[in-house]
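Sequence order for the protein chains is A and B. For the first sequence, counting from 1, position 69 maps to 69 in the working numbering; every step adds exactly one. For the second sequence, counting from 1, position 278 maps to 278 in the working numbering; every step adds exactly one.
By construction, these hints were calculated from the structure, which means they are not laboratory data. In this text, all values refer to a predicted model and were calculated from it rather than measured experimentally. Treat the hints with caution; some may be incorrect.
Which copy is meant is left open, because identical chains are indistinguishable; a pair holds if it fits in one copy or across any two.
What the hints assert, rightly or not - Here are the simulated SDA-like pairs of lysine to any residue, each with C-alpha atoms no more than 25 angstroms apart in a straight line:
| no. | residue 1 | residue 2 |
| --- | --- | --- |
| 1 | K312 | G374 |
| 2 | K429 | V198 |
| 3 | K29 | I161 |
| 4 | K37 | N133 |
| 5 | K214 | L235 |
There are 2 protein chains.
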Amino acid sequence: MKRNATIFFALLLSNFVLYAENDSLQIRKIFNQILSKGTCYSRLDYLSNQIGGRLSGSVEAERAVKFTFETLKKEGFDSVWLQPVMVPHWVRGAKEEAWFKDKNGKVVVSVCALGGSCATEKQGLFANVIEVNGLQEVGELGEKLRGKIVFYNRPMNPLFIKTFDAYSDAVDQRAMGAVAASKYGAVGVIVRSMGSNVDKNPHTGMMRLQNDLKQIPACAISTYDAELLSAALELDNSLKFYLKMNCETLPDVLSYNVLAQINGSEKPEEIILVGGHLDSWDNGDGAHDDGSGCVQSMEVLHTFKALGIKPKRSIRCVLFMNEENGARGGTAYANFAKENKEIHIAAIESDAGGFTPRNFCASTSEDKLRRLRGYAPLLQAYGIEEVLPSGGGVDIGPLKEQGTCLIGFGPDSQRYFDIHHTAVDTFDKVSKRELELGAGNISALVWLISEYGL
Amino acid sequence: MKRNATIFFALLLSNFVLYAENDSLQIRKIFNQILSKGTCYSRLDYLSNQIGGRLSGSVEAERAVKFTFETLKKEGFDSVWLQPVMVPHWVRGAKEEAWFKDKNGKVVVSVCALGGSCATEKQGLFANVIEVNGLQEVGELGEKLRGKIVFYNRPMNPLFIKTFDAYSDAVDQRAMGAVAASKYGAVGVIVRSMGSNVDKNPHTGMMRLQNDLKQIPACAISTYDAELLSAALELDNSLKFYLKMNCETLPDVLSYNVLAQINGSEKPEEIILVGGHLDSWDNGDGAHDDGSGCVQSMEVLHTFKALGIKPKRSIRCVLFMNEENGARGGTAYANFAKENKEIHIAAIESDAGGFTPRNFCASTSEDKLRRLRGYAPLLQAYGIEEVLPSGGGVDIGPLKEQGTCLIGFGPDSQRYFDIHHTAVDTFDKVSKRELELGAGNISALVWLISEYGL
């Protein structure tokens, strides 16, 4: 009996070793395919350089839908379809103008309207400026803000090692700044850009609106010019700031999520979603945010097809519309899934840039997290250090209530806020190898989940 | 007795926890200092943009010696000095010219002389081309190469995950290509650039010479043009290639290693070296290779001083001269250390670019490697995943025979061979945060070794 048990465990062990070895080989094949015959870099080139910035409702967004739909269609997956969704249609209009006057004369500064902001009056806004450190200070100043422009100037804290933590810590100024200032009769808002560097590129991004409050124009100012303005205010706090913005919110527009699927061979009803968002801000090319996530997600399906992998579970690529200023695509998708009683066992979103891979992070139960962590050693040679608890993405977030395991792909974050939501989020900032290694790790994780479930 | 033992172990454990916690706090202080008040980025700006490419023997190299010496001197460390070393003086001369003729006419291609190459004749070289895959094929072709230009065109293999492995696998063509071809009477050599991308930037680098063989001109061709030339040769293998190079080897020149030291408070005779190389190739700014390593090494001493840390062991920053084309600085340094009976317990070199930190790699005994690995968890939050066996650097290599533990700093390697030895190794390719996080991890490791030894 003891001998039998020994043999049993020896077999179990050898099976386990064999199984791990086969997994390694399959993952190596996935990376070989992507690193030598990958399509994601050239597709990103097209999306960035032939289409460019693609804010919801724009012609560029529709061209991006068409391009990705047709590209996926040509691949001959089991199904490729469009999911209609009404999206906001905010337009920037003519380029913003901004300057202030100090003792040496007019100083032109670099600003851009925040997404969703109203325009200034035609003649522009010209008012005194009060610099604050954050929302709390606005509450404290209260009525002193009446008739003034509020200048939020708290920088991203460089002491956070992960830049997303610094972003989370500072972004309330951009998101809530206008609403907070409007309550006290402020006439406009300037927000220091959410950027890690001191440079001349303003970072746009979404701001909240509140229906019962008067809307006031809100812009981001480049970090360099924020320092300049702050220094000028220290010398002369009576200086006046001129701002002209021409943005406008037009009626909602019909747009689409783009979807493609390879059906599972054993459990087709279990879906593993992989996605990114197709829309981007209008000022850059949206190469990192989130062209990278889109082409990586498309690459997963392409890789399965190219290698002839028949996944046990269904793999669905979803390119969401309108993450940046409404998240309507993600919401519509989750509703659609619910109505159709679809089972999403896992959803992986790549929306943190196309940089060198470092981790996955998952919002899920303890046992599923443990399972995912068990996969990590297979990806270590390809740059994945760990699977962190808590993660996901804006677009897949609404699937949470359906019990889906939400996973975010975590590339290195150090360079992200140099380019995020700026005119320099362009194709040349993306490294081909980094993009491909990301696609490889996402594909490998999708494959592991499709083989073994969660 | 049992109770006493329990108390003893409890105390031991609490001491251990306290000790680890204090280490964590000290390391956090080091990072806070560098991320908020670091000097390395602005120093790199100066080195890259005010001085630029600084090949051994050049005026720029001497300016780099002067700038770093004076900068370190101003800091008021215990000692700052120069170590004389005779270095090779190879100059590129006027820009290279190269083209070939196919049926559509003249195709101008982008090349640069390899370091140490002789010039072509004044009228240039004009000859047929034979494309080969590597040194072995040259041996097989033998006398067929007489009078021809040998074109080495084996790309860096994209399937290697770490680009340094792909570099090691391909670089024999550049290093040994001319010697191998000259043996069979070839008249020149074109080597496909050691680059991860297909682009127009030729990558220079050192080539070996052999005294008993006729020297023949050798250049690197951009990867884009290598593909062009290869395609043209496939259509017409009788095409002729024109190459004009104006480089020259002048007599050796006196130059210097730049050194600075903070003396140890308890074991001043035990030295921990941290360094990079001050020289760079002439075509770019040498921002990543190896301006980054220099300013990071300087930052270590600056950080100790700024935080008032009195290290138990001596910390020495060494900026080596002539890593790129002779390694004379490293050799001279090791000789000097030997003559003076200095004890280098560890030497850390940063010469793999200023990219986001990922690991350290050490060539040392098993037990020292184990000790270093014990430190790694303290650095994990700052990006260090592991301490790998086998590593070091060209400059610190000669210290090996003195029993020094050699440690290489390992940043992410994916972008390095996009810019290595090219005109685009420039300051704008360096991320401030990545550079600083590297300096932080190196400083933290130096501090741990200075506290606890190896």
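Worksheet item: Looking at the structure, which of the earlier hints fail to hold?
Response: Hint 5 contradicted; others consistent.
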